[in-house]
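Trainee: Modelling step: build the complete structure from the supplied sequences, incorporating the hints.
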Amino acid sequence: MGRVAFVRLRAPYMHRYSGFHPRVKSYSFVGRQYCNTALTLASTVPARARELTCNAGSKMEPIYDDANMEFSFEDWLFNSWDVGIMLDDLDKFCSDNAFMYYQILVEVRWLLKLSEIPEVKGVPTFSQETRAFLENIIQDFNKDEELEVKKKQQTNYDLKAVVYYLKQKCDGHSEVSEVLDFSHSMCTSEDINNLAYGLLIKDTINHVMFPVMADLCKALCAMARNNAHIAMLSHSHGQASGTTLGIEMATFAFRLVYWARRISQVPIFGNFAGVVDKYNAYKLAYRDIDWPHVAQEFVTSFGLQFNPCTTQIESHYHMVELSDILVNFNNVLVEFTDEVRRYISLGYFGQMMKVENESYTYKLDPFDFANSSCDLIDAKSCLSTIKEFVFTTHWKVNLTDIQVTRFGLAPSLMAYKKFLLVIEKIEVNESRLAEDLEKNWVVLAEVIQTVMERYNLPEQHEKLKELTRGINVDKESISSFIENLDLPKEEKLYLLNLTPLSYIGEAENLAKLIDEALGSLLGFKIN
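Offset between the sequence shown (1-based) and my numbering: plus 2.
None of these hints come from the bench; they were simulated from the model.
Note that CB positions come from ideal geometry on N, CA and C, so glycine has one too.
Check before you lean on any hint, since a few could be wrong.
Beta-carbon label-pair distances, calculated as ranges [to be verified]: (1) P213 <-> H295: 33 to 43 Å; (2) G349 <-> P213: 30 to 40 Å; (3) A242 <-> L495: 20 to 30 Å; (4) N474 <-> R434: 12 to 22 Å; (5) E429 <-> R133: 53 to 63 Å; (6) Q451 <-> N474: 40 to 50 Å.
Calculated lysine-lysine pairs in the DSS-like style (CA-CA distance at most 27 Å, straight line) [what the hints assert, rightly or not]: (7) K420 <-> K441; (8) K94 <-> K145; (9) K94 <-> K280; (10) K220 <-> K441; (11) K115 <-> K220; (12) K123 <-> K169; (13) K419 <-> K389; (14) K441 <-> K465; (15) K494 <-> K477; (16) K162 <-> K94; (17) K514 <-> K220; (18) K419 <-> K441; (19) K389 <-> K94; (20) K514 <-> K420; (21) K420 <-> K389; (22) K465 <-> K427; (23) K477 <-> K467; (24) K162 <-> K123; (25) K514 <-> K427; (26) K389 <-> K115; (27) K94 <-> K420; (28) K123 <-> K145; (29) K467 <-> K285; (30) K162 <-> K280; (31) K419 <-> K285; (32) K441 <-> K494; (33) K465 <-> K494; (34) K145 <-> K169.
Mentor: What follows is the structure, encoded as structure tokens:
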């Protein structure tokens, strides 16, 4: 595959990449808001690239063109001030180095598996020393070893480069070097890659995405718990009954916990059945071996679930499920963002780091939330693209799917980490919440009507409609209305002592139930 040049446009507040593909001889400028395009572009080229830089609108001039220049996962994903911090964990699992590690892992383990089958005469049963030697090749793989693999990519075929690398590593080991070709015997690149990607996705979810998602859930649960007692006016299509800030936050926390738990229930599938997945070569070469059983043992040894019936391309429906779950998780966060931005505009929330509006000096901009929301929109675009793509890549031989499946997680991870920083900045303006409640004694009409219904007083709705429509309802008008009701003395006293601030029902207790939901989330992972 041809090399690609990335262009960094240096303009104020603008971070964009441009990709030039020598085969099509054209540039495609992409911004962060078109994340799926950027990811697809980045995923279709090798990590080795030459960087060009230019001032916006000027002629491009190459700064360096070094064949050994390497970019980490985040370098060519985004050029943003915060990427190095936000995506460092993801780089450990989704970089070229990580993917090569998983490819080498599968290749070596397949050779070890064949050595355990007596009917495969070409591969002897390895000694413990030989097995340890092969396992060390896996464990010792690092960035320097990655460069050795990439030097062998003159084949323009990454997996063949891995095979050549293994031959080099085993060249001095007589027991292994003679049979090393069996590491790729009878299998295809898809056999190796679908397991490698399955492991990559599983480890990324378990070790990177899920912990941050759990931290988000814990942060919202803490907000719910700490503000469970703070009364506020709830809003539907206008003012509504009293609630607490804690339960308002808890509703989002419950929804996030639901989707986060779902991600732990997604099975990651794999297959290993050769060309078009029918064990053709296996069956011809070794007729007495139950190859479907061997393949099942091999796939499940990695902690993946075996898919027994596929074309050459494993269906990757786990990517569809994961994408759906992440999109839904992200949608909850988008709604939470909108809610918080409304609260900021109402004065309910402040931010420890305040950003003043350029045009309206009396306003504060919820800049951090807007920034996080943009990342979530990018993430939705990426994940939706992957979902649609996976559904249409079931042709007998289609290797394009391996280029896109690992790039949908980065925008989500960036958004989650930004949210964790943003949530810490929120300050609750309790006096403003109390002020809004004090202005809305009309919300007590609901409980008054309920008590009137309990004692079967006539025309409850009509009387309250006459009280509340078209006039400003205050404490005095509510008290006067209650005094004129034909109710028992204790009921009147209860209603007269009620205020919008105390009319919150079980909201405080319900908010505290969030700890139970959080406990059901922690410790989950994809098995």
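Trainee: Take the hints in turn and mark each one as holding or not.
Mentor: Status of each hint after checking the structure:
Taking 33 to 43 Å as the suggested C-beta distance range, the pair P213 and H295 conforms, at roughly 36 Å. The beta-carbon spacing between G349 and P213, approximately 35 Å, falls within the hinted interval of 30 to 40 Å. Range check, A242 to L495: about 26 Å between beta-carbon atoms, so the 20 to 30 Å window is met. Against the hinted window of 12 to 22 Å, the Cβ-Cβ separation of N474 and R434 comes to about 20 Å, which satisfies the hint.
Our hint of 53 to 63 Å for E429 and R133 holds, since their Cβ atoms are close to 59 Å apart. For Q451 paired with N474, a C-beta distance near 19 Å fails the hint of 40 to 50 Å. The hinted pair formed by K420 and K441 fails the criterion: a straight-line CA distance of about 35 Å is larger than 27 Å. Taking the CA atoms of K94 and K145, the gap is near 11 Å; set against the 27 Å cutoff, the hint holds.
With a C-alpha separation of about 34 Å, the suggested pair K94 and K280 falls outside the 27 Å cut-off, and the hint is violated. Distance restraint check for K220 and K441: the Cα-Cα separation of roughly 34 Å exceeds the 27 Å cut-off, and the hinted pair is therefore not satisfied. Of the pairs offered as hints, the one joining K115 and K220 is violated, with about 43 Å between alpha carbons and a cut-off of 27 Å exceeded. Straight-line distance between C-alpha atoms of K123 and K169 comes to about 20 Å, which keeps the hinted pair within the 27 Å bound.
For the hint pairing K419 with K389, the CA-to-CA distance comes to about 24 Å; that is within 27 Å, so the pair holds. At roughly 21 Å between alpha-carbon atoms, K441 and K465 fall within 27 Å of each other, so this suggested pair holds. Under the criterion of a C-alpha separation no larger than 27 Å, the hint pairing K494 with K477 is consistent with the structure, at around 14 Å. A threshold of 27 Å between alpha carbons decides the hint, and for K162 with K94 the separation of about 23 Å falls inside it, so the pair holds.
Between K514 and K220, the direct Cα distance comes to roughly 13 Å. Compliance with the 27 Å bound is thereby established for this hinted pair. With a C-alpha separation of about 38 Å, the suggested pairing of K419 with K441 is violated against the 27 Å cut-off. Proximity of K389 to K94 is assessed by CA-CA distance (about 24 Å); at most 27 Å being required, the pair is judged to hold. Only pairs whose Cα atoms come within 27 Å are accepted, and K514 paired with K420 is accepted, the gap being roughly 26 Å.
Distance check on the hinted pair: K420 and K389 sit about 25 Å apart at the alpha-carbon level, within 27 Å; holds. Of the pairs offered as hints, the one joining K465 and K427 is violated, with about 46 Å between alpha carbons and a cut-off of 27 Å exceeded. Distance check on the hinted pair: K477 and K467 sit about 17 Å apart at the alpha-carbon level, within 27 Å; holds. Distance restraint check for K162 and K123: the Cα-Cα separation of roughly 24 Å lies within the 27 Å cut-off, and the hinted pair is therefore satisfied.
With a CA separation close to 22 Å, the supplied pair K514 and K427 stays within the 27 Å bound. Only pairs whose Cα atoms come within 27 Å are accepted, and K389 paired with K115 is rejected, the gap being roughly 33 Å. Between K94 and K420 the CA atoms are separated by roughly 20 Å; this keeps the pair inside 27 Å, and the hint holds. At roughly 36 Å between alpha-carbon atoms, K123 and K145 are farther apart than 27 Å, so this suggested pair is violated.
The straight-line distance between the Cα atoms of K467 and K285 is roughly 82 Å, outside the 27 Å bound, and the hint therefore fails. With a CA separation close to 23 Å, the supplied pair K162 and K280 stays within the 27 Å bound. A C-alpha spacing of about 50 Å is found between K419 and K285, which places the hinted pair above 27 Å, so the restraint is violated. With a C-alpha separation of about 22 Å, the suggested pairing of K441 with K494 holds against the 27 Å cut-off.
For the proposed pair K465 and K494, the alpha carbon gap of about 17 Å is at most 27 Å, so the pair holds. Note on K145 and K169: the hinted pairing holds, with a Cα-Cα distance of about 18 Å set against a maximum of 27 Å.
When each numbered hint is compared with the structure, violations occur for hints 6, 7, 9, 10, 11, 18, 22, 26, 28, 29, 31.
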